[in-house]
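Start from the sequences, fold in the hints, and give me the full structure.
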Amino acid sequence: MIFVQKLVVFLQRNFIEPISVLTLSRIYTIFERECLNGYSFSGESHDFWELVYVAEGSIRVSADDRVYNLSEGDIIFHKPLELHKFTVNCKSGAKINVLSYLAEGEIAEKMAGRVFSLNAEQKLLAKKIFDFSEFLSEIEITERLLDNEKDYYNVLFKNPLKTQLTIGYICELIISLSKSKNNFMEFESEETKLFKKAIEIMKQHLGDSVSVPKLAFSIGTSESTLKRIFDKYAKLSVYKYFLQLKINQATIMLQNGVSVGKTAEELGFSSQNYFSSCYKRETGQNPSQINKD
Numbered sequence: 001m002i003f004v005q006k007l008v009v010f011l012q013r014n015f016i017e018p019i020s021v022l023t024l025s026r027i028y029t030i031f032e033r034e035c036l037n038g039y040s041f042s043g044e045s046h047d048f049w050e051l052v053y054v055a056e057g058s059i060r061v062s063a064d065d066r067v068y069n070l071s072e073g074d075i076i077f078h079k080p081l082e083l084h085k086f087t088v089n090c091k092s093g094a095k096i097n098v099l100s101y102l103a104e105g106e107i108a109e110k111m112a113g114r115v116f117s118l119n120a121e122q123k124l125l126a127k128k129i130f131d132f133s134e135f136l137s138e139i140e141i142t143e144r145l146l147d148n149e150k151d152y153y154n155v156l157f158k159n160p161l162k163t164q165l166t167i168g169y170i171c172e173l174i175i176s177l178s179k180s181k182n183n184f185m186e187f188e189s190e191e192t193k194l195f196k197k198a199i200e201i202m203k204q205h206l207g208d209s210v211s212v213p214k215l216a217f218s219i220g221t222s223e224s225t226l227k228r229i230f231d232k233y234a235k236l237s238v239y240k241y242f243l244q245l246k247i248n249q250a251t252i253m254l255q256n257g258v259s260v261g262k263t264a265e266e267l268g269f270s271s272q273n274y275f276s277s278c279y280k281r282e283t284g285q286n287p288s289q290i291n292k293d
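Numbering of the sequence shown is given in this note's numbering, commencing with residue 1 and proceeding in unit increments.
In case anyone wonders, no lab produced these hints; they're calculated from the structure. Being a predicted model, the structure only gives us computed values, none of them experimental. Hints are supplied without guarantee of correctness; some may be wrong.
Derived DSS-like pairs: lysine-lysine, alpha-carbon spacing no greater than 25 Å straight-line [claimed, not checked]:
hint	residue 1	residue 2
1	K214	K179
2	K110	K128
3	K110	K196
4	K91	K110
Simulated restraints on C-beta separations [as the list claims (entries may be wrong)]:
hint	residue 1	residue 2	range
5	G113	T225	24 to 30 Å
6	N37	E188	18 to 24 Å
7	E109	P160	26 to 32 Å
8	E106	S237	34 to 40 Å
9	K127	L206	40 to 46 Å
10	M185	G261	25 to 31 Å
11	S189	S277	35 to 41 Å
12	I175	G220	43 to 49 Å
Note that CB positions come from ideal geometry on N, CA and C, so glycine has one too.
So, in structure tokens, the structure goes:
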């Protein structure tokens, strides 16, 4: 018996390493929403994961520079800091399920930029996950709504068994999807090609300023068309979208230990104070807080 115990300890120390392919440590939001045809959710980005599942109807989703048409049974994963929005394009409306969460691990990272059509078993898992929303009031927990956090987690703690089961279903769904082939095609049109090209130019000039006239000229379209395209696919103005790209890049730099002053300089802000003001306005946090973390 002593020999067996020693053997187990030896194997644990020398051959068995803790492996965590998927750790879901926090749920921010989980809810179901019925939307009328034409409803458009404004573009946003945040530093946690979000999945959008179409339970009924159809929607058009933008994820950074990619555009997809999703119908009943389709699901999309938005990685942290990805700019995303959706518009309902179904006459009968759409029922949308949204889950935002904090996750780490190899499988979690594999979900970046992925879109899937769920099979029957995966749809059942999705139903089990979003049945949990019946226990929760629709409380949005983001960096800007921290006051609601206590109320939200009180509900979770009152239903520990249901909470644990739901987390298990979420992990099971993500692991199942990680084994699927990602062959979901992007929606392409002349407009989406211009949208993609404009964003590509923006990303190449994050340290500069990009004006609407120059950007429109660079991609071979008119200013009015450029503005309309960004309103349609991002629900943001050209300037606001470019600023959001800068803010997202700033977050990455700050998290990697780049100083606030250096970040402001490299991203073309006129001063550190102006950068800090913009960052606080857009994220609700001072850049120095991110840098310390």
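Verification of the supplied hints:
no.: 1; hint: K214 with K179; result: violated, 44 Å
no.: 2; hint: K110 with K128; result: holds, 23 Å
no.: 3; hint: K110 with K196; result: holds, 23 Å
no.: 4; hint: K91 with K110; result: violated, 34 Å
no.: 5; hint: G113 with T225: 24 to 30 Å; result: holds, 27 Å
no.: 6; hint: N37 with E188: 18 to 24 Å; result: holds, 23 Å
no.: 7; hint: E109 with P160: 26 to 32 Å; result: holds, 28 Å
no.: 8; hint: E106 with S237: 34 to 40 Å; result: holds, 38 Å
no.: 9; hint: K127 with L206: 40 to 46 Å; result: holds, 41 Å
no.: 10; hint: M185 with G261: 25 to 31 Å; result: violated, 44 Å
no.: 11; hint: S189 with S277: 35 to 41 Å; result: holds, 38 Å
no.: 12; hint: I175 with G220: 43 to 49 Å; result: holds, 44 Å
Against the hints set out earlier in the document, violations occur for numbers 1, 4, 10.
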